[in-house]
Each structure stands twice: as C-alpha cells, then as structure tokens.
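Listed below, chain by chain, are the residues.
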Amino acid sequence: MGVFNTFYNTIAKRNSIFVPTIFATAFAFSISFDVGVTSFWDRWNQGKQWKDIRHKYVQDSE
Amino acid sequence: MLSRLPASSLKGLRSLAEARPSAARSAAQTASRVRFSSSSASSSAVKSFLDSRATLASATLLTVGSIAWYTHLYGSLPFLGEVHANSPAEEGLHPPHYPWSHGGLLDSFDHSSIRRGYQVYREVCAACHSLDRIAWRNLVGVSHSVDEVKAMAEEVEYEDGPNDQGEMFQRPGKLSDYMPPPYPNEEAARASNQGALPPDLSLIVKARHGGPDYIFALLTGYRDAPAGFEIRDGMNYNPYFPGNAISMARVLFDGLVEYEDGTPATTSQMAKDVVTFLNWAAEPEHDERKKAGLKAVILFSALTAISLYVKRYKWAPIKSRKIIYNPPADKGHH
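Keeping their order, the protein sequence lines are chains Z and X.
12 is the number that our numbering gives to position 8 of the first sequence; each next residue is one higher, with no gaps.
166 is the number that our numbering gives to position 158 of the second sequence; each next residue is one higher, with no gaps.
Be careful, since some hints might not be right.
To be verified - Cross-link-like lysine-lysine pairs, in silico, DSSO-like; alpha carbons within 30 Å at most: (1) Lys322/X <-> Lys17/Z; (2) Lys60/Z <-> Lys299/X; (3) Lys55/Z <-> Lys322/X.
If you are wondering where the hints come from, they were derived from the structure by calculation, not from laboratory data.
Whenever a hint applies, use it, and build me the whole structure from the sequences.
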C-alpha cells in the first residue's frame, strides 16, 4: 500500500503537480520509446542502412 | 420474398438446439431460481432467436454477400470446373517467390543493393526507360552522398528559362531536377522501339502483379521459344510476360557492369540489385513505414491490453453480484 500512498501524496494530490507530471512522463516516454525502437531496428537491419555504408563514400573532414 | 416464408423455417435448427440432455435442463431450472443476473440466455431466448425473420434475413444476406464477395475477388467459385480457350502460360508464368533482403515485416532495404541497382539502371535501363518521379535529391542519404549526387546531376544538361530576353537556355542539373528521360516524348520512344513504349520505371514494382518477383523473373527469364511457338521479328520469347512475346530483348548478361564495391556482376546479381533499386523508387517511404508500423503495433497492443484489463476490472462487481428476491411474508389477512 505504501507505494500507492506515496504516489497519491506526492503526485496526485495537487492538480498543479499532477498535470505537469503527466506531460513530463509523456515527453520522456515518447523519447525513450523512440530510442528503444530505433536501437532494435538498427540491430535488426545491421549493415543494410545508409548510415551503415555511409563511411565508405563520405570522409568527414572533422 | 421473405414474407412468404413461414416464420419458423429454421425449426429444424431449433429442435436441434432443444435436443440437449434433459438432465442438464432440469439442473439449469433448479439453478435458475438463484441465478446470476448476467448468466447466459435461456432456451426460450434461443428459440425466439432461431425463429425470427431477422435471423433468417441476415443468414441469407450473409450467404449471398459472401458468395458475391468471393466471386468478385477470385472470379469463380471453387470446386466448379471451367474450360478456357487459352493456356495459363499465355497469361504469363507466375514468378517464384524470391527471398528479398527487404521481404520481412521488419526488414529495411539493403542500401548497398540500391546503390548497385542505381548503377545498373543508369548504365543499362536508362537507355530506354525513364524514371520520371525520382529526382536527384531523392538519392541523397539513400544510396549516395550529397556531393556524389551533385556531381552526377551536373553531368546532365537541363533546359531552363526563360531568361531576361525571354529565351530558354541550357544549364547543368541541380539536386531538385528530376531524372532525365531518354526520349523527349512518347512518340519518340515508340519510334525508336518499333512501336513499343518502354514503360516509366518509377512505380513499375507497384504496377505489376508479383511486384519485385515478377520483374526479377522477367529480367532473368529470357530463353529460346519452345518448338511450335511463332514469334515475330523483333519480338523475344519470355515465359513470364503475358502473351510470352516481349519487345524488350534480354539486356542483362554476366559482367555487363563493373560494380565499384567489387561484387561479381552476374545476371542474377544485377537483376536483384536493379529490382531492389526500382522497389525503392516505387516505395521510398518503405523503411520509415515499417519502423512506424512496429511502433504502432507495440503501442496499440499495449493499449488494447490495458483497455481489456480495465473493462474486466470495472465489470467484475456487476458480473459477480447476486440478486436475491425475498417474497414478503404472508400475514394471512386478505
């Protein structure tokens, strides 16, 4: 029960904290979800995408 | 028509439904005295459901509709023999399925193959086939770097204008220019190819049944015509082409191009690369689409699971409640 009480007392009790928490969570989730899916995608398609073969044709000057 | 049918046309079904073991029924009756409010329908509900005209009408509609849908989709009903005047080969042999590097649900294009395929298109196909819907800029970040594409575009002269004097002028190509066509117009293309128009290849993979499989099979499928097959001058035999006589001659031969990455340029390798390139040209959004599809499937299945859980959670007290009726005690004075 402790977790739920802590959640209620710290976040859900005041709307001024509740709504910004939802917004911040949505922001963090969308970024982390995108990063996660992209890393899986890059591992699944290793060596096939342009970013994997780019170094053969472009020498970065830096 | 329905009104002439007796309302109990489905009586046979009903009697089937009633033929349950009587023991189960009596048990159900005793249990029905203290029933959960949302338990299943009683046998009278089944009876009225099977007797209703609406059930008959919807069953008829479902049958007629599914037969109509099937025949519309596949042309004929199964298990009914048919006779055709032409042989299946005349519609073109069905291509086998090839294991494309981008075939799977989560597979991106093989971009090295797109790059080699562009080379094949430029050195072989572009002599006759246009690629109208692809601009130079589309290659950037897909198969070539921006400097390479700029250099390739500058080798081509484009007509632009009018200038201050109202005259058109020639200028070297830019990234925003589209791929140069081999012929200025359709008539010129037909005149150079004995009346046959080489189709534009931008969307050819989407525009042909079998897609990449068909085009690969067509490019590698040239052979001598079988005995007895009449083929006119200037036509070529290809079993995968509808009608089997195609104006395009075989163009891919081993070692025709020299790949910069050292891949052996066999006929099938070049066909595979150019088909991958044409598939990219037809579906440039392919990689992003599959990635977005992966995200959508994950999110929507999670949301479905959550909503199923919430539904069960909210309905649990309603499903499991018990309603008891206590008749008022008989006081004995009426």
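Here is how each hint holds up against the structure:
Our distance criterion of 30 Å between C-alpha atoms is met by lysine 322/X and lysine 17/Z, whose separation comes to about 23 Å. For the hint linking lysine 60/Z to lysine 299/X, the alpha-carbon distance of about 25 Å falls within 30 Å, and the restraint holds. Taken as a hint, the lysine 55/Z and lysine 322/X pair is broken in the structure, with Cα atoms around 49 Å apart against an allowance of 30 Å.
Violation of the numbered hints given earlier is confined to hint 3; every other hint is satisfied by the structure.
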